[in-house]
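Visitor: Residue strings, one per chain:
Protein chains: 2
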Amino acid sequence: MTQIVPVILCGGSGTRLWPRSRASKPKPFLPLIGDETIFEATLDRCAVFAAPMIVTGVAHLPHVEAQLGDSEARIVVEPQARNTAAAIALAALRLPEDAVMLVCPSDHHIGDPAAFADAARKAAALAGEGWLVSFGIEASAPKTGYGYLKRGEPLGDNGFRTAQFVEKPDVERAKAFLADGGYDWNGGIFAFRVGKFLEELDAHAPAIAGPAREAVTKGREQGRLFHPDADAFADAGSISVDYAVMERTDQAALVPARMDWSDIGSWESLHAARDKDGEGNSVRGRAELVDCRNVLVESDGPRVSVIGLEGVVVVVDGDEVLVTSMQVAQKVGKLDGAANQ
Amino acid sequence: MTQIVPVILCGGSGTRLWPRSRASKPKPFLPLIGDETIFEATLDRCAVFAAPMIVTGVAHLPHVEAQLGDSEARIVVEPQARNTAAAIALAALRLPEDAVMLVCPSDHHIGDPAAFADAARKAAALAGEGWLVSFGIEASAPKTGYGYLKRGEPLGDNGFRTAQFVEKPDVERAKAFLADGGYDWNGGIFAFRVGKFLEELDAHAPAIAGPAREAVTKGREQGRLFHPDADAFADAGSISVDYAVMERTDQAALVPARMDWSDIGSWESLHAARDKDGEGNSVRGRAELVDCRNVLVESDGPRVSVIGLEGVVVVVDGDEVLVTSMQVAQKVGKLDGAANQ
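Residue numbers (the numbering used here), protein chains in the order written: chain A, 3 to 343; chain B, 3 to 343.
For reference, chain A alone in the conformation it holds in the complex (with noise of 0.2 Å):
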């Protein structure tokens, strides 16, 4: 049985759940669904595979560190961010060469952890036969914030050859994706055989590939941590693994996942994945709603009283207040307060 390893990137700025998530604690490190944190979660989620690896930058180890438990997890800590293919390829170039790498990011939500693990173990066993495989998930509104990927022909019961890659549609093109049915979004979920990976790299993104090797090969272990060199690395280019590798390999793959998945993108994703009261209302910290429905309140300390709203966020955090209408609240990374953290 190849052995699985999940990979979990840590990164992100924090502007989309501002003021909650700063850039000095960025989503993955909060509690934002349930009691865990969101990487807690992704940590538990993955501890049916093997030990996982963790690429992380300098800025975020100290929650990385103290939010892994018991986790056997490496780390391999990122001289700087470079984006998501050069932080694979340092993983990959850690691993061993038969291995199946389950690429995942650490800032999603997703409600059914057993579905995620049967997904995982169909994309690995494509992994296995040479596939680059992404996770398809479940294209359940016309959204325009993600790619899509378009189904192909069957591979097996395991998934589908990817047959398109789709930027960022407009929402005409995205109600047709939806009304089709054969496509997918891209989650930024993966699994790579680790040998194959690096040909595709290689072969494909060059400039990424060479950096990233010297790197590893100049760099050094501080017991569970791998440090890469880091004027080798910052000659990586900075893509993500989609633009490098996927929609330029001739083996691309997709595994539809039907696992409750959000990416927690904004206050209204993150309102509709927590649990709420009868009138759609949910509550962190302490607050009196009267007459609200679809409101969400998180307080880390004053007294929040709503009174006669509707779809409405209000974050109180420190000595920051967010009131915004749900539509809209992807906007709050224009915000001064967000940009200029």
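Calculated directly from the structure, the hints in this document are not laboratory data. Treat the numbers as computed from the prediction; the structure is a model and nothing was measured.
So, partial list: chain B residues that the calculated Cβ filter (under 8 Å) puts toward chain A:
1. E290
2. D293
3. P304
4. R305
5. S307
6. I309
7. L311
8. V316
9. V323
10. L324
11. Q329
12. V330
13. K333
14. V334
15. D338
Pairs of lysine-lysine, DSS-like flavour, derived with a Cα cap of 30 Å:
16. B:K278 to A:K336
17. A:K333 to B:K278
18. A:K278 to B:K336
19. B:K145 to B:K170
20. B:K333 to A:K278
21. A:K145 to A:K333
Ideal placement from N, C-alpha and C gives every residue a C-beta, glycine not left out.
Based on the hints, put chain B in the right spot on chain A.
Guide: Using the frame of chain A, we list chain B on its own:
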């Protein structure tokens, strides 16, 4: 020329503008509009008349004394709150019989002080003739929260006999009053010749007049303070001057007053009285508003960021945060926070 003595009533429990106003620091003593507190603005507005007499409870006395400035005011300290008829009786019993008392709540905003002074002089002229005079506030909307005064026969150029007192009407009746045009709001501002007021109080409300008289007889002076006897005053009936006197006398008159009046009885009416930007937003404290209209923000510390909302009030005050739609802001008093101060 008759002496006009402002009698300023300082009471109130501070729930309607909670959490900015609290039981410990109610509305009159806050700088809600402009830089002065509402009480200071009331003193200023009355400074064209004789030195005022202030009636207040022990709890608010420190605020009154701190905000008196160089006013020559005398202060009657109520042993307990017994509503307006008894409060006005205490003041009347400390004034010369031939003076005209100009009774003013301390928690109203009047945007046009010259119009107030003009109306006060007309009211004083009528009071000098023996009329018990209410200020008739322009009924600018079919409000159900106010009493209405129906104008009767003209009394020279100064005002009208009051044909009818109408308790808070339902909205259909309020609309009919507006359409009729012959009705004003009862704003709780009055002018009485002192001797006449006491005569009418003796005639219509002896259960107030008697105990008030005894409380003053047995009271004691302390510099500019006067302390009525507590035991005697406790026997005074607790009803409003409208019920006790105005609705029972056959010499009720009114002076129409068009003076940009507001009782600041809700966050909505405070917003209406405040200076606003081109989008109708009014901000006090640190705030960033994006795509907002008719939003009121008030913060004593934390920065407040608001996105994509209309007609919403956000108040941050110490350990309390209030978020409410303008329309239902009058429900603030029903919140646990406001009710259990």
